[in-house]
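Number of protein chains: 4
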Amino acid sequence: MIPRYARPEMTAIWEPQSKFRIWFEIEAHACDAQAKLGVIPESAAKAVWERGNFDIDRIDEIERETKHDVIAFLTNLAEYVGDEARFVHQGMTSSDVLDTCLSVQLTKACDILLDDMGKLLAALKAKAYAHKDDVCVGRSHGIHAEPVTFGLKMAQAYAEFDRNRERLINARKDIATCAISGAVGTFANIDPFVEEHVAKSLGLTPEPASTQVIPRDRHAMFFATLGVIASSIERIAVEIRHLQRTEVLEAEEYFAPGQKGSSAMPHKRNPVLTENLTGLARLVRMTAIPAMENVALWHERDISHSSVERGIGPDATITLDFALARLTAVIEKLVVYPENMMANMNKLGGLIHSQRVLLALTQAGVSREDSYRLVQRNAMRVWKEGEDFMELLKADADVTKALSSEQIEGVFDLEYHTKHVDTIFRRVFGE
Amino acid sequence: MIPRYARPEMTAIWEPQSKFRIWFEIEAHACDAQAKLGVIPESAAKAVWERGNFDIDRIDEIERETKHDVIAFLTNLAEYVGDEARFVHQGMTSSDVLDTCLSVQLTKACDILLDDMGKLLAALKAKAYAHKDDVCVGRSHGIHAEPVTFGLKMAQAYAEFDRNRERLINARKDIATCAISGAVGTFANIDPFVEEHVAKSLGLTPEPASTQVIPRDRHAMFFATLGVIASSIERIAVEIRHLQRTEVLEAEEYFAPGQKGSSAMPHKRNPVLTENLTGLARLVRMTAIPAMENVALWHERDISHSSVERGIGPDATITLDFALARLTAVIEKLVVYPENMMANMNKLGGLIHSQRVLLALTQAGVSREDSYRLVQRNAMRVWKEGEDFMELLKADADVTKALSSEQIEGVFDLEYHTKHVDTIFRRVFGE
Amino acid sequence: MIPRYARPEMTAIWEPQSKFRIWFEIEAHACDAQAKLGVIPESAAKAVWERGNFDIDRIDEIERETKHDVIAFLTNLAEYVGDEARFVHQGMTSSDVLDTCLSVQLTKACDILLDDMGKLLAALKAKAYAHKDDVCVGRSHGIHAEPVTFGLKMAQAYAEFDRNRERLINARKDIATCAISGAVGTFANIDPFVEEHVAKSLGLTPEPASTQVIPRDRHAMFFATLGVIASSIERIAVEIRHLQRTEVLEAEEYFAPGQKGSSAMPHKRNPVLTENLTGLARLVRMTAIPAMENVALWHERDISHSSVERGIGPDATITLDFALARLTAVIEKLVVYPENMMANMNKLGGLIHSQRVLLALTQAGVSREDSYRLVQRNAMRVWKEGEDFMELLKADADVTKALSSEQIEGVFDLEYHTKHVDTIFRRVFGE
Amino acid sequence: MIPRYARPEMTAIWEPQSKFRIWFEIEAHACDAQAKLGVIPESAAKAVWERGNFDIDRIDEIERETKHDVIAFLTNLAEYVGDEARFVHQGMTSSDVLDTCLSVQLTKACDILLDDMGKLLAALKAKAYAHKDDVCVGRSHGIHAEPVTFGLKMAQAYAEFDRNRERLINARKDIATCAISGAVGTFANIDPFVEEHVAKSLGLTPEPASTQVIPRDRHAMFFATLGVIASSIERIAVEIRHLQRTEVLEAEEYFAPGQKGSSAMPHKRNPVLTENLTGLARLVRMTAIPAMENVALWHERDISHSSVERGIGPDATITLDFALARLTAVIEKLVVYPENMMANMNKLGGLIHSQRVLLALTQAGVSREDSYRLVQRNAMRVWKEGEDFMELLKADADVTKALSSEQIEGVFDLEYHTKHVDTIFRRVFGE
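Chains as they are written, first to last, in the UniProt record's numbering: chain V, 1 to 431; chain W, 1 to 431; chain Z, 1 to 431; chain F, 1 to 431.
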């Protein structure tokens, strides 16, 4: 976790206070279930809820001695609960607490991420509608192709994050399970009812078949999904970085009036936020591999996954939360320059319409070969001497034999290219 | 693609013949739609279906000249269709064909993989029921813990692959889209109806908002999902490799009677299939990262993703298909040794029951401290001198003061551990 | 291996013919050594060299039966050598042949890659000197910063690949070892002299301590090194792709006169080679992870690494060879546009010199605050109204009080920025 | 960074205090060089060293305002140095400070890691010699093969880490460079002498050709090397985990007498340290990919690498340092059970010698087919009925026709397998 790329709400999930609170709730809910089953006295379950508490420093102190975090916690809990604490954790194994806690933490993290994505989607949608008809050149291979609109770019990003939202909802289901099944997952010393009760109380579902642990294919899928979302963040970030290049400058990250260096070098506004997002995407993405390597635990479990998750659990969720929020702010405040878009589009003197001219000529009855030759000789003059393509065509007798001035102008009409923007918006926003 | 790890049906999807056939169908269906729209003559669409054909060698020949695969294909197609071929591909861009073809290939690959997984699930289920009650020791950290059954191991694997099946179904939806939207995805030169028609004809859905290409977050999710499935394969493979170790030998890959080397060194039956699966899992898993790196294409597309997908598209699907089939065969023919399971479990003279003895003593009113001391002194004799735990307990007067012979024997009852196997099977198999 | 991204010389290394030839040489050299030791008759060693041969189809036929490639090879070899073949392979294990063969293949691959890099370095050097003084704007964050020269960009690339060359030389040493040490690496049935002899004959060094196999940390280092080299390829590829963007166009991949599409849309020259290189880099890079996962083989070996290496061995080396050659051709033929470089640099009316103006004013005694204000008010006019920075400064009485016209012009002198180009070239090229 | 897997010395390198101290030294050394060149007054350089200081809280306070860490530092420095601070940082760019600082941090980290590896090598060597002749069974595929010694396993690990040490020394050279070359690496505003002086003062070498930054192929190579080292840690960790399995128990992590749970369940000593090392290896290894993705910065630099390095710089080095130290402790205290090794080896009644029996029979003139049949029929009885292989052979008249009792016993002599242990030790330890 890198403090400067962390937000408090997500970070809090991973702090000892939250973890121990979840541990406490797991144990207390388990006691309720055990009491209902008559395995332990009702009074014990009640005592846990009423007197139960913990103190992090004290837990640390005990752990230094016992070298076992769950035992340290239970010992400390007993110091608050008193004698009836002996009924706590009965029939359970440490992993029951640890893994169910991780499930709670990851689902909470998911909920924040889903909320983040909701805000990002709103920002993308607003920007899409605001610039729905702002025409700019579409580029394949970094080379001018045909016109699109800036709104379309935002709509594409919206559609992509809408998919990511679905994926995260699926991933959330994957890690929202609870295991209270004992040392090797057989419920030998604890009734499955306890698991069901704790699961329900915590908003989880019972793990159908656990070993000592919840199977790690679930977590692998979760981190892989975060990696895909991070890659989508990178995509938008790279788009903005490209648009902000000095030679392009069709959009720009917002730059606060007083922000350093903006006036003596007014051009030197760097897309540092989206560059940063590009890097953060790499950090999130890298966690997919160790999460997959964690799946093949030995037999009923080994503990190799634990250190990995202590790292990537907080790191990937905290970083992705920060990145989504940062991207949302970038989109919300993005400064868009429609006039520069138009200037860039015109940079090639109308050559981006050459394909349509070719088509118009053939449709007007000129043979494909002749059409090609006519387009070519005018296109080359535009390219080499910087003249205006439309003007040249209008002045070319062989062209005007086939196409009237109006027809030529029609070919250069940008609205031809944007006529289906509404269709696409309908598909994306369902409106 | 490594020939020895490839099966013909999956390999065929990636062969030029299949690819060009899909290209042909995309173009022909598009002609149908264009004819319905009145953009091209009905006769042209009919001609394409009737006379359309292609010859791979000829396409290669043309491509060597034009350096463009789609143009080469269209040129060759025209050689069969004749003059009306000029109506083919109208308003389309190469990526419309390439990307929609990739979608068809990946969905076909998915269908094979889903079928593979169905067979694997059946094999796991059969093995689970066959060995539902075959007790073996559960191991955490590679160390004996408490009893489980071999059927439970298979049921856990079943549950894991059932999840993987769901994931693959989701991933299939992700890559089952069709884009026929022109040079920059605006439908400038082609009506969205064409896309809808082609999509429907090929069993795909229209891409809501394409650029020149179908967005690559879809493919990233697909390959990430394959990576998770591969990791689950690794998990079962590692389990079997462990069980086949000379010192353990609780299960063994099937070894054909005549298979080399089996008699002069009868112990030397190597788990080469599951070792191989462990390696194949790494090969599939590695493709998740480049697939994620492919997402951030520049603007309306660059072509960096293409070479990546030419590699990982066939490689990951072919390898995973082979691995699933191989794993299925391994499971189906797996030789299980219940007697060795029992021998291993008894190896520690009953020490795996020490926890339950402790519990029984405390429940019989012995203080926790005293119970612990009693268990400990007998356990240490078992450990150091190899004596039998139950016999020692029965001979220990301090123990027998609290527990009768029957009670002691009850503590060593394996059925205590298997009483919820049915519950777990119901959860997993829903029966 | 993707045929279109493969070159014959590298591909040949991985073909069965090459592999079996290397196997043959390993066995034959081993016989020589055994004969020298008196373990086998001299005549046997001689017979192997003289009559030894193999037939791939026949080997395949035998392997289908025995399911063991080395045995199939030895059986076929015996069919040529005759009775004395019984002395072949004595005391050896299959891995002795397989691993030593892989070492030979990888070192041969290295030699080709080193040769590739030599050619790339030559191309970069030639381009560096050819454009040593062609000034272009340096960009940080994609935004104009201060002038550099195109030669410097090439020199930086040269320095990077010079480092990569050193790294590959180190990696070559890592995988250039030979193991002929028997079933578990103890030389129980074979004298270490045989290993020494075979190693020497094949240009390898003896593996100091093998298990059944050559330890895989060596191969992990090899593939990790290829991954770094691939990343450097990506860096240059991305640079060229940026420079070829329509709005920038400072350099361009060579486009053959007859190449499709170049005249009707003269601007549509896509940097497809460098985009392709970007993708190929991802393919090479991904192999580093499974190669590292291969290191932890169980005990004296398991065979999980084998399938991985059957994939990444050929794939990574063939792809990297192709990529290096392609990059070399791109660099050699790269079309550079110094006039566009100058036009881009002037695009901001001289604002890239604002920093130096500030410095000149303070050095002329103007306070830092005043200097800043003077620069700022003129810079803003340039930025907003597109005027010329130098002209504005010359017309600003507050500026001219401190700086003469010559002094102002001096600040805009590009040679100020290039005065240490020779120093850097000397460091890089040592000349 | 995960606090429980971090050691103070390495962690300190990455703390703000260390970072700012290095920044200070870079600036102060640069002032010395500038003073020598006459660019700034000697008194200014002196003032920096004498009065220069910084206060982290104050820097944070300024950074919150300026949003720029280097400016905040310089402002705070000026508060201590006074007016002459205006000569500090002259002609430099922020990256000159940041990147050179990172080089210093990484080289310091390397020195700790090299020291760690020295200690690990010493531990491995001690263990190798202590158990040089302790025979245990060698296993391929997890199946008994032929005898090795435990000392050989340690010697192999030593050889592997000796290679890793060489690799790290190479990687250290890669990242031990200094760049003080100004905004785009041209030395426009600063003499190369300053870079040379600072480099020398800090134990670095001047970067031959920097852009605004030190090229990131260097860092990619560094992290890839850490990934390989981590993989070697995993290999030893997995070996120990295997040896500690209940059924094997040839070696065991040290377990302190009072450590929890050791007496009531004396068998339940879990290899938690090596399992933890397996996980830590994954955490280190994953950093290789983003480090490689960092190489292709845009033009003269973008800042995407920065967030990545803020994460993986501390994380990978701190984790690897901890892992190396933990592994060293594991090796030093490893409990080895030679008697269990022998018991395991004898588990198969001598079958591991079947290969040698076969050889002895053929050498005694029995045909290969007959030899095989003789071995086979006795081996099968051992395998199926648990009899003793040597005894059976001695009782088999067909065998004893060819081999005397002494000869048969000779074949079972373990020393046959260990006769070259000294050779291997000489190769590895050079003694």
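It should be emphasised that the hints constitute simulated quantities derived from the structure, not laboratory data.
Being a predicted model, the structure only gives us computed values, none of them experimental.
There's no promise every hint is true.
[Claimed, not checked] Straight-line alpha carbon distances no greater than 27 Å define the calculated DSS-like cross-link-like pairs of lysine-lysine that follow: (1) K36(W) <-> K419(V); (2) K384(V) <-> K173(Z); (3) K394(V) <-> K347(V).
Pair hint outcome, K36(W) versus K419(V) [Cα-Cα no greater than 27 Å]: OK: K36(W) and K419(V) at ~20 Å, within 27 Å.
Satisfaction of hint between K347(V) and K394(V), Cα-Cα up to 27 Å: 19 Å, holds
K384(V) paired with K173(Z) [C-alpha distance capped at 27 Å]: 53 Å, violated
In summary, the structure is inconsistent with hint 2 from the numbered list given earlier, while agreeing with all the others.
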